[in-house]
Structures are given as structure tokens and as C-alpha cells.
Amino acid sequence: MSVRRLPSSILGGLGLAALILLWHGLTASGLISKAFLPSPAATLDALVGGLRTGDLKGQLAATTLRMLNGWLFASVAAIALGSLIGISDPVRVYLRPTLAFARSLPASAVIPIAISLLGLGPGMVLGVVTFGSVWPTLLATVQGFANVEPRLQDVARVLHLSRLQYVSKIGLPNAVPDILAGMRLSLTIALILAVIGEMLSGQEGLGSAVLLAARAFRAADLYAGLILLGLVGLTSSYGLIWVERRATRWRQAALSPNPL
Amino acid sequence: MSLPHPALEFAAVALELGGRAILEDIDFTVARGEFVCIIGASGCGKTTLLRLLAGLIAPSRGKVSLDGHLVAAPSPQVALVFQDYGRALLPWRTATGNVSLALEAMGVPVGERPQLIAALLAKTGLVGHADKYPSQLSGGMQQRLQIARSLAQDPAVLLMDEPFGALDAMTRQGLQDEVLRIVGERRTTVLFVTHDLDEALYLGDRLIVLAANPGRIARTLDIALPRPRNQLATRENPEFLRLRRDLFTTMQEMGA
Amino acid sequence: MKAWRGALVPVLLLALAELAFRARSGPSDSLAPPSQAIAALLGTLSDGSLLVGSAETLATLLGGLAIGSLAGLGAGLALGSSDLLRRLTFLSIEMLRPIPSVALLPLSLLIFGFGYGMEIAVIAFATFWPSLILTQSAVAQIEPRLLEVARLLRLSRWQRATKIVLPAAAPRLMTALRLAAGVALVVAVTAEIVSNPQGLGHDLMVAQETLRPARTLALLFWVGLIGWGKNAVLLRLERWLFAHRGDVDTRIAT
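Order-wise, the sequence lines are chains A, B and C. Using this note's numbering, the final residue of the first sequence is 260, and nothing's skipped along the way. Using this note's numbering, the final residue of the second sequence is 256, and nothing's skipped along the way. Using this note's numbering, the final residue of the third sequence is 254, and nothing's skipped along the way.
Read the hints as simulated data drawn from the structure, not as lab findings. It is possible that part of the hints are untrue.
Footprint (simulated), chain C over chain A, 3 or more residues, beta carbon under 8 Å [said to hold, decoys possible]:
(1) 87 to 101
(2) 108 to 118
(3) 190 to 197
(4) 203 to 210
Taking CB as the label site, the calculated pair distances span [to be verified]:
(5) C:71 - B:18: 34 to 44 Å
(6) B:69 - A:235: 56 to 66 Å
(7) B:170 - C:8: 48 to 58 Å
Just so we're clear, the structure is a prediction, and the values are computed from it rather than from any experiment. Each residue gets a CB set at the ideal place from its N, CA and C atoms; glycine is no exception.
Model the full assembly from the supplied sequences, consistent with the hints where possible.
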């Protein structure tokens, strides 16, 4: 039977297994020092052990909560603010360069100022996470409002829809696909900023765990932390994609190509 | 003395895709230098016939042959002109560059290319547009460019898939006459797909009518109209009108 | 006149900030008015520290970007052309990709120590993934009609890749490069803030630690300017390179 015929899930699993075998081979043969690349077995031990004894569990929870809290605050603020900006064409035009500049600013660059203002505590980290996560969703919301079919705007005028009604019945639903895409990007940024914040402030979490493991030359613990961080990113991303798919069925139906 | 092979042959060809029968019982030959038009409603598989000849797909049953040889892959002797010329031209190359692509594929030495390209552009009426990009050319000119590229192969067989379907009537008529002139010079065998009755009668020596679902040959007829064809004279020829009426009735009966 | 509309908001905000600061009683450890920030910015320019810091950051940015995007390009081309390869690797890619590059800084520091190496390594990792994904999708979106023309003309693999695939994908590859460059800048500055004692990120942290808010704000603005400028230049370049093609959607601004 040709390898090509296997279902994608099995092929993917085979590929992953091959990668892990390669990993094992690299460490077992001594090609890469165990200080830099622990064996898969050791990493698994550290991962399972850490989760069981509660150390990694607590850190995982801390980072995830930090990421989610900041992201949720940011999303609400971004959608609200984005809607206000989005419904008014002139406001959008005036703000466009400012928003463009803010978008290209690396979110981590504001950390020094945040430290000056808020110190090195959990408040600073949450503040930075929130601040950084606002922009993708904010811009996406504005974009979503900006590309409302002009004909629909005319309809709204003819039906005498109030500002609030326009936002809730036309603006937001139209912007939902863009907003969700923006929120997915915001979530990625939230995780990154949470990790940075932990590394700088020493707050409990996977970020500081990885940093401490590196300093103490505990490679297996380091990699265990990395794997967990990857998993957090993966599940949150896919979770949002699932929501995106369900919420944007109408657009997918319109965009899917004619099978003929 | 054995008979020479027909230029093109379909022998009991059938094609199934995804459980659906696309073509069934396709049996016909085309002689060297013949201009055969294939006509039928949308979805009857006329494009598929060309793709079988071009070697882009293989039949489920039966044999597709070129000059006696089974078609297994695209042949340098066969050129295919698509309807959607915009998508078949390289947008990042000029007209010259687009024609050059065929020459590069054939391994023509660099030194010989400019002359050949100039000649091809002249033949298709694109002199003066050599350095323009497809986006700067009108629809009719883009289609001429595609034809120029296909002629670069100096093909024995020219397959044309509703090449003028996306063009306006006047451009279409001009291009019809150009194609007749070009293939007349080289005695190229042509298989021309169209949904336009008048066009098929105007251009062809023979006409094949395809019925749909699944695609099969409903009718063939010979077109005994004098050559060279003329947009006014031929279309007013009583035989033309008779054939037209005849075909129209056939198409109507087929529910086209 | 229209161009001035965009400048209105920032100018107003800066003016407000300036006035608010003047209204306070004394200087602050954490903030400074725009006037002082501008002065500080000019100061860093004249004493050369701005150029040194920028050069260091840009050097690692370019080094990491070159490695990451070239590797991503190659891998993306391979995966985009081979269905089997794509299906074998997609799971592994999905597992490795979400690891935040910043989390790799301690590891990179462990392996390479301080300096250019550790930063370039992490930037290469971070830029590899978007390059890979976007190249793959660029190859997948090549006009299928053109690939058929390649078959009909019986182009060899190499001819197909160089005459059809690469030119057809080029606009999207440029976009991928622009986005990867954005990632590279963010990661570079982050690496310098968190662990590497060189470049603009490090300068930012030092300015904050030594309680020089004007300098901190100046550097912050400068970093933002680099980010915005790089994006604007690359966008212009994209439009200029591909405007004549007519097959490219030059509206894509991100």
C-alpha cells in the first residue's frame, strides 16, 4: 500500500514520531550535549513529575490566568473602543496614522515605562499584557467596521437605525470575522507578554520557571516548561479557531469556490 | 499500402470522475489539416475532450491517439489555447517574454529567439506591443498573445477551448479570420470548442455535437461551405443558413 | 491638506502631555514631557549612542531574519510542492510553532552566552515559522492555469520552479518577508530587554533603571519609528516591484 494513501492524521503522527526518534538519537549519541538538549525520556519525566508535584501545575495556571485576564480586559476595551472609532469615518481617518504607528511598536518596548510607573509587581505584568493585547483586536475591529458594505450603510440610514442599533445589528456582526482573527493574534501576544513579564519581575509562572531552570542548568525542567508553553499557545489558538469557524459560517459559504 | 494514421483519434473513450460519468462512447477521428468544431451546452464535457487530447488527464476506458500513438502525457506537437487567457499568461512577463516561455521550454538557443518571437508577434498582429505586460493589453490582444505562444511550439495540432468566449463580437470576428488564416498556412489540425453555433459553422470543416450528462456524441455533420470563408458572404450563404436551421433544431431537441 | 488630518491627533496629544506636565510641581522619575523627550532623542543622536544601539539591533535583526526567512522559504517551497511532505510534517509544525520565541531566550543564553549569537538564533526561530507558513500558502495559491501551462509546455522541474512558481509567488513572498521583518524587530528588542545586554532594548532598560524618563521615552519613540519606517519602506517596495503585474492585491496593508 502506498504511503501516500494513509490518512493525514496517521502521516502526521508518523512525522512527529520520526522527529522524536531523531531527538532521542541526537541525545543518545552524544552529538548534542545533554546540558543543551535533554533526552525525550528525561523531559517527559520532568514534565510528568512537575505536574504531579504541583510545581508546574501552579506555574501553568499562573501564566494561563495572566494571559487570559489581560487578554479578556483588552478584548472588551478594544472592541468597545474599536466600535466607537469604526462607526465614524472622519474619526477613522484622523486616527489612522496614530494607530498605524502604535501597531508597529513592539509591545515589549513599553515595558521599561511600565516598570517606571507600576513597579515590578503583578500589576505591571497585567498592565503590559493588557496594553499589548489591545492593538490587534482594536485595529481588527476598526477594520471590520470600515469594510461594511456601503449599501448596508445606506440601508441603516433608510431604516433610521440609531448609533447603538447600527453597531449591534450591522457593524459588529460584519466585523466579527475580523475581530476574531484579531483576538487570536492578541492572544498570542498576551502569552508572549505574560512570559516576558514573569521573566523580568520574577512573578510565579512558566516564564520565570524556564528562566530559573536555565540558570540552574536543569535542562529537562527547561524543556518541560517550553513544552507546556507550546501547549498553552496551541490549545488557545485552536480553541479560538473553533469559535471563529462556527461564528463565520456565513462568510465561508460565500467565499467557498464553486465546485464546478 | 497502409492508411496513414488519422491525426487524432478517440476510440471508445469514456471518462469517470468521482463516480460520475463525464464522457461516454466517444468515437471519432480527425484527419490531418481538418478543422473540427465541437459544440454543445455547458457541462457536456467538451473541455474534457481537449484535455484528454492534451494529455492532461487520462481516459477511464478507451484510447486517445495522436498520429497513431497513444496519448500518455502532453506532447510538443499539441498546443492548447484556454478561454481564460488572463489566467494562462504570465503577468510578470511582457508579450515578448510570454512567447519566449514556449521557446525556452523547447530549448531553442537564446540567439534564435528574438527573431522567432518577432515573427510570431507579427503573425498574430501584436507588432508594437512586444514590451507590454498582459495587464496593459486588451482582452483580444491577450488572446492573440496566448495564440502566439501556442504557435511558438509549431504544433501539428491546435486545441482551442472556447477561445473567443470572453470577447466582444467584433473582436471575435476579427480573431476568427486570423485563426483561419494562420492554420491555413501551416495546414494545422484544429479541434475548436465553442458554444456558439454560428462560430462553429463559420470556422469548421466538420462539426460534432455533444449531448450532456453524460457527454456523448449526438451528431456529426460535414460543413460543405467554400473556403476561404468570409464574414459577410459565408454567413449569407444559403447552405450556411440551412445548416444553421438544422443545427438549431437539433440543439433545441437536446434541450440545450 | 488631507495629509495634515492624520498628524492632528498625535500633535494634540503631545501638546496636552506637555501642558499636563508643566502644570505639575516637580520632575518625575517615571515620565517626562515631550519637549524633554525630543531633547533627549537629539542628545542620543549627537553622542552616538543611538546609532550604536540601532546598529546592534539591526545587525541581529538582519542576521536572524536572513537565516529564518531563507530556511522558511526553502521549507515552504518544499512543503508547498509535495503533498506527502506537507502531511508528514504538519503535526510536528503545529506542535513546535506555538512555543513563544521569548521563552527560548534562557535556553539560547545557555547555549551561546551573551552577544549576537543568542539573539540571532532566537530571531531565526521566530521568523522561520511565519516564513514557512506564508511561503507554503503562497505556493498553494499559484494560479492553477499557469501550472497547467507548465505541464503542457513540458517544463522540467527546475524550469517550472524558476519560471513559474517563484515569479508567481513572489508578491506573496515579499509580503511574508515584510511580516517576518516585523516579527524580527519585536523579537530583537524583546531579547535585548529580557536578556541580551546590547542594542536598543538594552538601552531602554538602562535608561529606565537609571531613572532617565526622557531618554526612555525618546528611545521608545525611536523604536516605534524604526518599526513604522521599515514597514512603510517595504510596503512601497512591494508596490513598486509588483504594480505592473495586475495580478497582485496591493491593498493588503498589514
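The hints, checked one at a time:
no. : hint                     : result
1   : 87 to 101                : holds (count 8)
2   : 108 to 118               : holds (count 9)
3   : 190 to 197               : holds (count 4)
4   : 203 to 210               : holds (count 3)
5   : C:71 - B:18: 34 to 44 Å  : holds (38 Å)
6   : B:69 - A:235: 56 to 66 Å : holds (58 Å)
7   : B:170 - C:8: 48 to 58 Å  : holds (53 Å)
The structure shown violates none of the earlier numbered hints.
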